[in-house]
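As given, the protein sequences belong to chains A and B, one line each in that order. Per the working numbering, residue 1 is the first one in the first sequence, and the count goes up by one each step. Per the working numbering, residue 1 is the first one in the second sequence, and the count goes up by one each step.
Careful: at least some of the hints might be erroneous.
To be verified - No more than 30 Å apart at the CA atoms, straight line, and that leaves these computed lysine-lysine pairs for DSSO-like:
no.	chain 1	residue 1	chain 2	residue 2
1	A	K109	B	K120
2	A	K210	A	K186
3	B	K120	B	K251
4	B	K279	A	K186
5	A	K113	A	K186
6	A	K113	B	K279
7	A	K106	B	K120
8	A	K186	A	K8
9	B	K279	A	K109
10	B	K251	A	K106
11	B	K251	A	K210
12	B	K179	B	K251
13	A	K106	A	K70
Note that these hints are calculated values from the structure, not bench results.
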Amino acid sequence: MAGVGNVKLEVRNVSKSYGGRLVLRNIDLTVEEREFICILGHSGCGKSTLLNMIAGYITPDNGEILVDGKPVTGPSRSRGMVFQDHALFPWLTVLNNIAFGPRVQKVPKAQAKEMAREYLRLVGLEAYESHYPAQLSGGMKQRVGIARALAGRPDILLMDEPFGALDVLTRESMQAELRRICETLKPTVLFVTHSISEAVYLADRVVIMKDGIIADVFEVGMPHPRSSHSPQFDEAMVRIERVLMGSDRPDAGYPTEETLYAPKAGSA
Amino acid sequence: MSRTNTAADLPRSEKEPIRPQNAASAHIRTSTPRFSIYRLTFLPAVLMFVLWEVFARINVTLELFNPRFLPPPTMLIEEGWRLAQSGIILDSMISSTTRIVIGFIIGCAAALIAGVLIAKFKSVEYWFSPVLTLIGPIPALALLPLFIIWFGIGEFPKILLIAWTTFIPVLVYTLDGFKTVPSTLVRSALSLGATDRQVFIRVMLPAAIPHFLVGAQVSLGLSFSALIVSEMMGASSGLGYIIVDARNYFKMTNMFIAIILIGLEYSLFSWLLRLVERKALAWRKDGLRDAVQR
Chain A
1 MAGVGNVKLE
11 VRNVSKSYGG
21 RLVLRNIDLT
31 VEEREFICIL
41 GHSGCGKSTL
51 LNMIAGYITP
61 DNGEILVDGK
71 PVTGPSRSRG
81 MVFQDHALFP
91 WLTVLNNIAF
101 GPRVQKVPKA
111 QAKEMAREYL
121 RLVGLEAYES
131 HYPAQLSGGM
141 KQRVGIARAL
151 AGRPDILLMD
161 EPFGALDVLT
171 RESMQAELRR
181 ICETLKPTVL
191 FVTHSISEAV
201 YLADRVVIMK
211 DGIIADVFEV
221 GMPHPRSSHS
231 PQFDEAMVRI
241 ERVLMGSDRP
251 DAGYPTEETL
261 YAPKAGSA
Chain B
1 MSRTNTAADL
11 PRSEKEPIRP
21 QNAASAHIRT
31 STPRFSIYRL
41 TFLPAVLMFV
51 LWEVFARINV
61 TLELFNPRFL
71 PPPTMLIEEG
81 WRLAQSGIIL
91 DSMISSTTRI
101 VIGFIIGCAA
111 ALIAGVLIAK
121 FKSVEYWFSP
131 VLTLIGPIPA
141 LALLPLFIIW
151 FGIGEFPKIL
161 LIAWTTFIPV
171 LVYTLDGFKT
181 VPSTLVRSAL
191 SLGATDRQVF
201 IRVMLPAAIP
211 HFLVGAQVSL
221 GLSFSALIVS
231 EMMGASSGLG
241 YIIVDARNYF
251 KMTNMFIAII
261 LIGLEYSLFS
271 WLLRLVERKA
281 LAWRKDGLRD
291 AVQR
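The whole structure should be built from the sequences, with the hints applied where relevant.
In structure tokens form, the structure reads like this:
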């Protein structure tokens with residue numbers, strides 16, 4: 001899927017530390033236009049920090065982040081964000097939540113609402129336009145969150161474990177939904193997750209992060225829609241799991257006494 | 001008065017546990033509309049007055065203590081009617097209501113404006129927050145004699161006292177509202193292209209409004225104390241004045257009438273404020289009412 005598109009996002013030699021602890025070390029990442037990238041890793045590996053830095057909420061200690069060749073200096077509409085806790089404005093109706101982006105970008109009110117309706121149709125929630133977020137289920141809230149981020153017409157869509165708080169069934173239907181939306185709009189997406197199957201299902205490329213570095217980049221290269229029951233899917237999962245669990249031994253993936261408690265340097 | 005609503009609603013769920021052996025019958029019982037004593041929200045208040053009447057009447061005949069100390073409610077109604085015909089009650093209510101409405105609105109508005117300035121400008125926060133923490137805890141009523149000496153005994157010191165009493169709690173709650181806005185809300189607004197100004201107007205302000213309204217509800221009681229006390233000192237009209245006047249001439253019935261009117265007026269204002277709150281926070285769906293369907 002990667003194609004020969006232009007470079008959309010460039011992360012160059014970025015590091016970040018909190019209180020003396022290095023969270024990200026010399027990260028280099030290039031994302032092409034219309035690519036769907038999953039950033040995969042354990043909690044605390046720095047994947048959310050990287051995403052927040054690309055969004056412009058936090059600044060790197062050194063290195064730089066370029067979007068369309070321009071350095072990121074702070075949050076802007078060029079990078080839309082979908083949060084795990086959906087972060088909808090509770091006092092606005094569903095429609096006004098989605099129209100928020102166009103409205104603050106000075107689109108006239110009627111036109112903004114029309115745009116919002118379009119994105120609401122895209123996520124299949126036309127019937128709920130005058131509901132408040134508190135009246136929606138978790139999955140519906142996240143659909144609105146995605147529609148709202150898309151309505152801001154970002155160059156890159158950033159998603160920070162958007163389905164992490166959903167139950168398994170809702171989660172799977174949301175993944176299919178997101179794939180369908182991506183086939184229609186073909187946005188550039190950076191999707192942070194800690195679920196291997198989610199990453200393999202969604203991504204063109206999976207960036208595997210471990211202890212603040214990029215451990216490996218994995219091209220999935222399977223046609224959509226992907227089925228989690230195919231042998232290729234299993235193979236991809238096993239290969240990623242092996243990198244993630246940090247050993248090439250056959251029992252990789254199942255932490256033993258040794259891998260859990262032994263000091264990192266001497267364990268292998 | 002409407003407070004009895006929620007108070008009376010509460011015990012129902014506690015008194016009707018669904019026993020396992022006849023869960024089915026319990027289900028049928030609750031699903032069919034039937035008479036419930038808890039729907040009669042006025043009952044406790046009525047009962048209180050009836051008991052008061054009976055006790056006071058007994059006291060009139062037996063003279064357990066001086067009957068003038070506790071006149072029966074029927075006598076209060078009689079006296080109240082006479083007082084109303086003389087126009088004193090209407091006059092007092094009008095002057096008290098004017099004071100509390102003006103003072104309360106000025107206090108709330110000032111608190112909201114100050115809250116916005118403190119939240120928006122670091123310099124304002126730096127210069128004013130320490131001053132406010134210094135003078136905020138002083139009971140406003142302690143300031144009244146000072147206000148009277150500074151500004152005389154006209155309307156101004158009374159309204160100022162009410163406004164000041166309202167101001168401090170509303171400001172504290174409003175600032176708390178600004179400080180507790182979830183950071184993801186601000187972040188998502190910024191990522192949708194909002195400017196700092198738009199973030200403030202479209203995110204910070206609406207997020208702080210519920211806190212502001214809680215502050216207003218809390219300070220309403222304090223504002224009423226400020227009203228009554230300011231009318232007790234150097235006033236010639238108002239419900240507080242009736243009480244002082246009644247004390248000076250030992251008119252116990254007048255004192256009771258004024259006390260009851262204060263209670264009614266407070267209930268009215270509290271109800272109005274809750275109405276505003278319900279309208280402004282229609283998007284909210286939480287709390288006891290929605291926790292369990294009853």
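Structure-based check of each hint:
With a C-alpha separation of about 27 Å, the suggested pairing of K109 (chain A) with K120 (chain B) holds against the 30 Å cut-off. Using a Cα cut-off of 30 Å, the hinted pair K210 (chain A) and K186 (chain A) holds, with the two alpha carbons roughly 29 Å apart. The straight-line distance between the Cα atoms of K120 (chain B) and K251 (chain B) is roughly 53 Å, outside the 30 Å bound, and the hint therefore fails. With a C-alpha separation of about 42 Å, the suggested pair K279 (chain B) and K186 (chain A) falls outside the 30 Å cut-off, and the hint is violated.
With a C-alpha separation of about 23 Å, the suggested pair K113 (chain A) and K186 (chain A) falls inside the 30 Å cut-off, and the hint holds. For the proposed pair K113 (chain A) and K279 (chain B), the alpha carbon gap of about 24 Å is at most 30 Å, so the pair holds. Only pairs whose Cα atoms come within 30 Å are accepted, and K106 (chain A) paired with K120 (chain B) is accepted, the gap being roughly 23 Å. A threshold of 30 Å between alpha carbons decides the hint, and for K186 (chain A) with K8 (chain A) the separation of about 13 Å falls inside it, so the pair holds.
Using a Cα cut-off of 30 Å, the hinted pair K279 (chain B) and K109 (chain A) holds, with the two alpha carbons roughly 24 Å apart. Proximity of K251 (chain B) to K106 (chain A) is assessed by CA-CA distance (about 67 Å); at most 30 Å being required, the pair is judged violated. A distance of roughly 83 Å separates the Cα atoms of K251 (chain B) and K210 (chain A); the hinted pair therefore is violated under the 30 Å criterion. Simply put, K179 (chain B) and K251 (chain B) have alpha-carbon atoms about 51 Å apart, too far for the 30 Å limit, and the pair is violated.
A C-alpha spacing of about 23 Å is found between K106 (chain A) and K70 (chain A), which places the hinted pair at or below 30 Å, so the restraint holds.
This entry does not satisfy hints 3, 4, 10, 11, 12, going by the numbered hints stated previously.
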